[in-house]
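Protein sequences, first through last, are from chains E and L. Residue 1 is where the first sequence starts when you use this note's numbering, and the numbers rise one by one after that. Residue 115 is where the second sequence starts when you use this note's numbering, and the numbers rise one by one after that.
You may find that some hints are simply not true.
To be verified - No farther apart than 30 Å at their CA atoms in a straight line, the calculated lysine-lysine pairs in the BS3-like style are these:
{"hint": "1", "chain 1": "L", "residue 1": "K183", "chain 2": "L", "residue 2": "K170"}
{"hint": "2", "chain 1": "E", "residue 1": "K26", "chain 2": "E", "residue 2": "K13"}
{"hint": "3", "chain 1": "L", "residue 1": "K170", "chain 2": "E", "residue 2": "K100"}
{"hint": "4", "chain 1": "L", "residue 1": "K184", "chain 2": "E", "residue 2": "K100"}
{"hint": "5", "chain 1": "L", "residue 1": "K184", "chain 2": "L", "residue 2": "K170"}
{"hint": "6", "chain 1": "E", "residue 1": "K100", "chain 2": "L", "residue 2": "K140"}
Worth flagging that the hints you see were computed from the coordinates, not collected in a lab. These numbers come from a predicted model, not from an experiment.
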Amino acid sequence: DAGVTQSPTHLIKTRGQQVTLRCSPKSGHDTVSWYQQALGQGPQFIFQYYEEEERQRGNFPDRFSGHQFPNYSSELNVNALLLGDSALYLCASSLLVTGKNEQFFGPGTRLTVL
Amino acid sequence: SQQGEEDPQALSIQEGENATMNCSYKTSINNLQWYRQNSGRGLVHLILIRSNEREKHSGRLRVTLDTSKKSSSLLITASRAADTASYFCATDETQGAQKLVFGQGTRLTINP
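Chain L on its own, in the form it takes in the complex (with noise of 0.2 Å):
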């Protein structure tokens, strides 16, 4: 079953513009990673945050994480258009079980 919910499901954007994505879960966590996917490839990893960090930085990248709401957000700034893709949060429950869990993910379009 989907453990992580992304919100939206898709999101159009000019270049240049921020895009902030939303990603909910149920469990308690040991650690929440974002993924891209471009055009059904491989899935490359953007960024993980321990469940004990608040916020986390990459680049255009900042990555923020509430425990308590069982939520993080992924924000990407001076959107381009090779950002266009889909994202994913992807979550594993409890330390030493290693399976992630992802959501149906949010579906980026960057508009020139």
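In isolation and in its complexed conformation, chain E is listed as follows (with noise of 0.2 Å):
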């Protein structure tokens, strides 16, 4: 049974740039939220999708978007990379309909900014 998975494990950008983080979800899941730690914090919710669709946003500018896929895999890009934007981000799966929001996280993509 194939937990979540991310790639890269790690990317260099330099500011100004644009970056393409993927996620796959756990078997059997079909919801995807994303998440960007920061060094030393928790981590704060970006946005969540389903049935290929943004479901919530949390408080992050128009330049983070995403993408799913019909297979629920997704996709997270920032265009225009800010140093602040060095971080962890972190994509976690869930099933819907169990109600539960029980949600299991991937590896993480350390993104460095420069």
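Using the supplied hints, reconstruct the complex from the two chains, each of which is provided in its own coordinate frame.
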């Protein structure tokens, strides 16, 4: 039973560039959420996708966008990168119908913006 | 904004001792979940407790929930060096709203 996978593991970009992070949910899950975790902080919710639509969004600017594909995998895109976007980006998956909102996380992508 | 607040921020104990971490939150919740994170890696799901439950066990873990005080505790018994990690509580505020709100975590160090 495959868990949540994310790619790439690490990424280094420069200010102003664009980045795409990828996530495959746990087998059987249909909902994907993205979180940003700055060093020494707890994860902050970015947005959630279900049935290929953004279902809920946190307090992040429009530079952060996403997509969910028919196979439930998801991408997080960040445009016009800022130094402050350096963080660990975590993807979590869950199964909506259970109503339990039990979210399982991937290993994360460490993004460094120079 | 952070809903959960873990206490203490850091905890250092000897191997074999019990570790207790606390979490407080501000609004009514649907569920409360505890996660472990090793050295900036992904979060490992430990346990979920529903708002109508008061206590739950999983192996060496015991979680309690007091909705009247808006608080939860995580007890790790017979600690091991491998338990060294950061521990986070996460809440979701209402049924159907699946956003998880995390605290800043407790950094647990188990000394051999």
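Evaluation of the provided hints:
Distance check on the hinted pair: L/K183 and L/K170 sit about 17 Å apart at the alpha-carbon level, within 30 Å; holds. The straight-line distance between the Cα atoms of E/K26 and E/K13 is roughly 28 Å, inside the 30 Å bound, and the hint therefore holds. Between L/K170 and E/K100, the direct Cα distance comes to roughly 15 Å. Compliance with the 30 Å bound is thereby established for this hinted pair. Using a Cα cut-off of 30 Å, the hinted pair L/K184 and E/K100 holds, with the two alpha carbons roughly 19 Å apart.
For the suggested pair L/K184 and L/K170, the alpha carbons sit about 16 Å apart, so the restraint of at most 30 Å is met. Taking the CA atoms of E/K100 and L/K140, the gap is about 20 Å. The hint holds against a cut of 30 Å.
The structure meets every hint from the earlier list without exception.
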